[in-house]
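J.: Here is what each chain is made of, one letter per residue.
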Amino acid sequence: MRQRLLITLRDTDGALQRLLGTAERRGFRICAVHAELVESAQSQVAITVESARDVALLARQLLRLHEVCDVCVA
Amino acid sequence: MDNAGTPGAAVRSGAQWLVSALEAEGVDTIFGYPGGAIMPVYDALVDSRLRHILVRHEQGAALAADGYARASGRIGVCMATSGPGATNLLTGIANAFMDSVPMLAITGQVSSALMGTDAFQEVDIFGMSLPVVKHSFIVRCAADVAATVHEACAIACSGRPGPVLIDLPKDVQLARAAAAPWRSREASAVHAAGAVNLDAAISLMSRSARPLLYVGGGVGIARAETALRDFVAATAVPVVCTLKGLGALDPDQPEFMGMLGMHGSPAANHAVQSCDLLIVLGARFDDRATGKLETFAPGARVLHIDADAAEIGKLRGADVALGGPLEHMLQLLAQHSPVATEDWRAHCASLRSLYANRYDAPGDDVYAPALLRDLSRAAGPGSIVACDVGQHQMWVAQHWRINACSRHLTSGGLGTMGYGLPAALGAQLACPEAHVICVSGDGSIMMNLQELATARRYGIPVKIVLLDNGCLGMVRQWQELFFEQRYSEVDLSDNPDFVALAAAFGIEAFAIERRADVSAAIDRLLAAKGPILCHVRIDPRANVWPLVPPGKSNGEMMDSAA
Ligand SMILES: Cc1ncc(C[n+]2csc(CCOP(=O)(O)OP(=O)(O)O)c2C)c(N)n1
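These protein sequence lines map, in sequence, to chains U and D.
Under the working numbering, the letters of the first sequence match residues 1 to 74, in that order.
Under the working numbering, the letters of the second sequence match residues 1 to 562, in that order.
No lab work stands behind these hints: they were computed from the structure.
Note that the coordinates shown come from a computational prediction; the quantities given were computed from them, not determined experimentally.
Incorrect hints may appear among the rest.
[As the list claims (entries may be wrong)] Partial selection, computed: residues in chain U whose CB lies under 7 Å from chain D:
hint, residue
1, R2
2, D13
3, G21
4, L57
5, R60
6, Q61
7, R64
8, H66
[What the hints assert, rightly or not] Quick list of the computed label-pair ranges, beta carbon to beta carbon:
hint, chain 1, residue 1, chain 2, residue 2, range
9, U, V38, D, M558, 51 to 61 Å
10, D, G382, U, V33, 47 to 57 Å
11, U, R26, D, D497, 19 to 29 Å
12, D, M128, U, V33, 51 to 61 Å
Note that CB positions come from ideal geometry on N, CA and C, so glycine has one too.
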């Protein structure tokens, strides 16, 4: 099942790499990504993922990342 | 901790800021190995009060920092140069990540202008380590070095701990600047158990006739052992532990059923299979603990308590979840939880006595389980055991009297052969008064044997018990049981003479082969003032029992090949 996540990210070294890598390693196929620097130090990222696993679990795993400020399942 | 508003702050090089920030963090020991891209930091160390331990391989540095951290509860720090120095640290960083150990790994990097040009000894250690760090930084200017160190230490130690990497380009180490203001962030918010969930948890417990605590490494990490012991004293709920949970409860406590899982005690596994409520405390349903997940604790409802919300529901859904600090949760629950029923306690007690370990193996060759039991008794409750990976690691888990999580150093998540010796060195430096015993195998010891030179150089009095079965025992056991005895690349019968080898490093060493020699060997080990190695020849055919075959349910334990 495909699901969309909206993530607010502090724009630090490797932030996007870490985010996408976590999603993939946790068993979520990344179907779409849109990332935009919205303030000098923050990015807004939308990803669409596909997996048999529960997306709420991925949201909690992403929230553990130090640069992730907020995750919401759209 | 902060320096915001400090007027007229000093100007120092990035390397000096690194060293002074580590000192300000209370770090006293660093394990490392120098090289081109980290030379300014090594230069700054000359004027520092930090104790630097020069290991003989960077993997040894990371694993020693891990042992130091686990034994002391303080952050372990390791350091290496760029390129091969950094990649050599990686296994140790991954080891700390898998077992949630607070660690700071500092790597030199080529100068900023050369980054991305395939310069000499340039690797993207930041990128390579992303999946195995809690967080990582590349420091771009000298003014940010101190702030980064403080933030890194805070991240490594807070919440669920883990390794943090700081990659420090050489020009940043050399550049001079005043430190940018920094202020440590708020510690991650403590989640109080929601009243609703707490009520639900208590109601689940009151409706249970056969509750069981499944305790993982999270209890030791949270230093919640006392709260757990109080909870068990109040409720008499029986307890099973994971490999990393061992020590959370005193092994003599009547409620302690032993380790669950692949090489767990039958008493623990049977209790899990027949409980009706599993109270999961700082554990994560690891496959080594659960066996076939679908048949694990089949009749149980699950109350999952964990500081890391991302662990809840990852592999098995929870009927009730409590996210937050374990100590607080246990204290809240202990006030309201009912005492476990007499019938269930009696059932668990009978399982425990029915499956008590036996040490009456026939023969007069050394029986490793008995040796380990006797050595742990003689070494006493304050001793620390660090083990390698393989059969001997499981024998330690089964037979060592582990009474605190921080005194059992084992590579649980990554299963890193070569962990034992450097971890023991780190632990001994953290706890100079304790007996620190490294239990290793003839395969594992060779993975970081060079650290005997470190033991010798600093006179670190670790006691090494080398259980030599002339093979890669755990792999041999699996080939015997699950690959039709088709032995493939497990023979180590051409091992070097370990006593002579240790002697070449300047380490006192002796060998035993007979059961009758064990007691004198233990006395000699414990009396030694410096590092010492006891080479113990054991039966190459010895297996670890019991065993849950891969893919099977924990209820289907094998007791021997017969
Ligand atoms: C670095 C590393 N390589 C390979 C393995 C796979 N492995 C697990 S146990 C084992 C055998 C260990 O042999 P030894 O240290 O002699 O211990 P024994 O099982 O004989 O007690 C191997 C090869 C591992 N865990 N770590």
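J.: None of the hints should be skipped; say for each whether it holds.
T.: Now the hints, each set against the structure:
1. R2: Status violated, d = 21 Å.
2. D13: holds, 5 Å
3. G21: holds, 6 Å
4. L57: Holds, because the Cβ-Cβ distance from L57 of chain U to chain D comes to roughly 6 Å (cut-off 7 Å).
5. R60: Hint on R60 of chain U: holds, closest Cβ of chain D at ~4 Å, below 7 Å.
6. Q61: holds, 5 Å
7. R64: holds, 5 Å
8. H66: Nearest chain D Cβ about 4 Å off; hint holds.
9. U:V38 with D:M558: 51 to 61 Å: holds, 58 Å
10. D:G382 with U:V33: 47 to 57 Å: holds, 53 Å
11. U:R26 with D:D497: 19 to 29 Å: violated, 48 Å
12. D:M128 with U:V33: 51 to 61 Å: violated, 22 Å
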